Amino acid sequence: MKEAIKNVVNDLLKPLGFSLEKIENNRKTVDLRTEVKNPLEGYYWTCGAPFVMNVKIKRCFSIEFPGSAEYNPFVETLKKYGEGQCADYVGSPMEDFYEKWQPGKADGFYKNGKELAPPWDQGYKSSKNLSDARLKRNDFVKAQSELGEVGEIKGHLKKGPVSLGFGKITFQRFIKIYNSIRHNGYQPEKLGSGHINGRLYVRDGKDYRVAISAGKHRVAVLQALGYSKIPVKLSTVIIKREDVDFWPNVRNGNYSKEDALAYFDRIFDNEHPSLWRPEAVLNKEVVKMA
1 MKEAIKNVVN
11 DLLKPLGFSL
21 EKIENNRKTV
31 DLRTEVKNPL
41 EGYYWTCGAP
51 FVMNVKIKRC
61 FSIEFPGSAE
71 YNPFVETLKK
81 YGEGQCADYV
91 GSPMEDFYEK
101 WQPGKADGFY
111 KNGKELAPPW
121 DQGYKSSKNL
131 SDARLKRNDF
141 VKAQSELGEV
151 GEIKGHLKKG
161 PVSLGFGKIT
171 FQRFIKIYNS
181 IRHNGYQPEK
191 LGSGHINGRL
201 YVRDGKDYRV
211 AISAGKHRVA
221 VLQALGYSKI
231 PVKLSTVIIK
241 REDVDFWPNV
251 RNGNYSKEDA
261 LAYFDRIFDN
271 EHPSLWRPEA
281 VLNKEVVKMA
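The numbering of the sequence shown is UniProt numbering, which starts it at 1 and goes up by one.
Honestly, I wouldn't trust all of these hints.
What the hints assert, rightly or not - Cross-link-like lysine to any residue pairs, in silico, SDA-like; alpha carbons within 25 angstroms at most:
| no. | residue 1 | residue 2 |
| --- | --- | --- |
| 1 | Lys58 | Ser235 |
| 2 | Lys176 | Asn197 |
| 3 | Lys56 | Asn197 |
| 4 | Lys37 | Glu258 |
| 5 | Lys233 | Leu40 |
| 6 | Lys240 | Asn197 |
| 7 | Lys28 | Ala214 |
| 8 | Lys158 | Leu225 |
| 9 | Lys56 | Val250 |
| 10 | Lys158 | Ala87 |
| 11 | Lys216 | Glu70 |
| 12 | Lys58 | Val90 |
| 13 | Lys240 | Arg251 |
| 14 | Lys216 | Gly84 |
| 15 | Lys206 | Leu261 |
| 16 | Lys100 | Glu70 |
| 17 | Lys240 | Leu116 |
| 18 | Lys56 | Ser213 |
| 19 | Lys80 | Tyr227 |
| 20 | Lys80 | Ile63 |
| 21 | Lys229 | Val202 |
| 22 | Lys80 | Ile181 |
| 23 | Lys216 | Ser163 |
| 24 | Lys229 | Gly185 |
| 25 | Lys58 | Gly205 |
| 26 | Lys206 | Glu258 |
| 27 | Lys158 | Ile181 |
| 28 | Lys233 | Val202 |
| 29 | Lys229 | Asn270 |
| 30 | Lys176 | Pro161 |
| 31 | Lys233 | His195 |
Simulated from the structure, these hints should not be mistaken for lab results. None of the values given here were measured: they were computed from a predicted structure.
Please model the complete structure; the sequences and the hints are all you need to start from.
And the structure:
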């Protein structure tokens, strides 16, 4: 329904030379990196317009890992690479993670055999694996061309199983970004992809996390290089825990209120994703990696 409404609006805007995406992208982004320390303050500064501010990495949530987690296989792989101890995907902490963390459907909520979108969204997730659009991204294609024939490319960044080809290309993408930032510094204004993007999640009025929606590879690289704060462009949407009764997938019955809150709260947990699964949250169980 949401997509249908979006298509109708875009059809109406098209004769005028506009689209919802173009309008959103053209909204002026306000740079508040020297002005605010709390993103909630930023939203009042800009009256809800998108803005960039420096966010502590420990407040970020990226590739299902909290920035405060004691161990992150992507960050660990990059650190070992920087120390000359890891030159290939095979044998890396990243490969070990993909081999051990294969939760299947245990890391999501399903209905009618399809994975549900988060409770604050509506309906189902559009794709469980790497989309064709992502496979055609310039950085992905470039990494693939540099490696040559790598075989089947299948997998998901946040969990295993993944094919060897996917692992090798993902490793290559991380390393390219790592080398670029290490040698040239981090200058998002000069990148075609722009700033890292994130969405704000707020609990108990002032406790917050920023879930990274674009630039996940850069977040891991910056953390590996020792950055404690990173500039993030925050969207115009804030997800508040107190609004659970109004979240679309709760209103339509796809999630119970308890499940929806458990889903939300995992963003605030300072633990490895392998320690979480939906059915374990309510039962207070702990699931550890093998």
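For each hint, the structure was consulted:
1. Lys58 / Ser235: Roughly 19 angstroms between the alpha carbons, so the hint for lysine 58 and serine 235 holds.
2. Lys176 / Asn197: 20 angstroms, holds
3. Lys56 / Asn197: Holds - the C-alpha atoms of asparagine 197 and lysine 56 are around 14 angstroms apart, at most 25 angstroms.
4. Lys37 / Glu258: Violated, at roughly 32 angstroms.
5. Lys233 / Leu40: Within the cut-off at roughly 13 angstroms; holds.
6. Lys240 / Asn197: It holds: about 18 angstroms lies between the C-alpha atoms, which stays within 25 angstroms.
7. Lys28 / Ala214: Distance ~18 angstroms between lysine 28 and alanine 214 Cα, so the pair holds.
8. Lys158 / Leu225: 21 angstroms, holds
9. Lys56 / Val250: Violated, because 31 angstroms separates the two Cα atoms, which is more than 25 angstroms.
10. Lys158 / Ala87: 21 angstroms, holds
11. Lys216 / Glu70: 18 angstroms, holds
12. Lys58 / Val90: 29 angstroms, violated
13. Lys240 / Arg251: 15 angstroms, holds
14. Lys216 / Gly84: OK: lysine 216 and glycine 84 at ~23 angstroms, within 25 angstroms.
15. Lys206 / Leu261: Holds: lysine 206 and leucine 261 sit about 17 angstroms apart, inside 25 angstroms.
16. Lys100 / Glu70: Measuring from Cα to Cα gives roughly 17 angstroms; hence the hint holds.
17. Lys240 / Leu116: 19 angstroms, holds
18. Lys56 / Ser213: It holds: about 16 angstroms lies between the C-alpha atoms, which stays within 25 angstroms.
19. Lys80 / Tyr227: Holds, at roughly 16 angstroms.
20. Lys80 / Ile63: The hint holds at about 19 angstroms.
21. Lys229 / Val202: Between lysine 229 and valine 202 the Cα gap is close to 19 angstroms, so the pair holds against 25 angstroms.
22. Lys80 / Ile181: This hinted pair holds, its Cα atoms lying about 16 angstroms apart.
23. Lys216 / Ser163: Distance of about 20 angstroms is within 25 angstroms: holds.
24. Lys229 / Gly185: 14 angstroms, holds
25. Lys58 / Gly205: Holds - the C-alpha atoms of glycine 205 and lysine 58 are around 19 angstroms apart, at most 25 angstroms.
26. Lys206 / Glu258: Distance ~21 angstroms between lysine 206 and glutamate 258 Cα, so the pair holds.
27. Lys158 / Ile181: The given pair, whose Cα atoms are some 23 angstroms apart, holds under the 25 angstroms limit.
28. Lys233 / Val202: Cα-Cα ~16 angstroms, so holds.
29. Lys229 / Asn270: 17 angstroms, holds
30. Lys176 / Pro161: Satisfied, since the Cα-Cα distance of roughly 23 angstroms is no more than 25 angstroms.
31. Lys233 / His195: 6 angstroms, holds
Of the hints listed earlier, those the structure fails to meet are numbers 4, 9, 12, in rising order.
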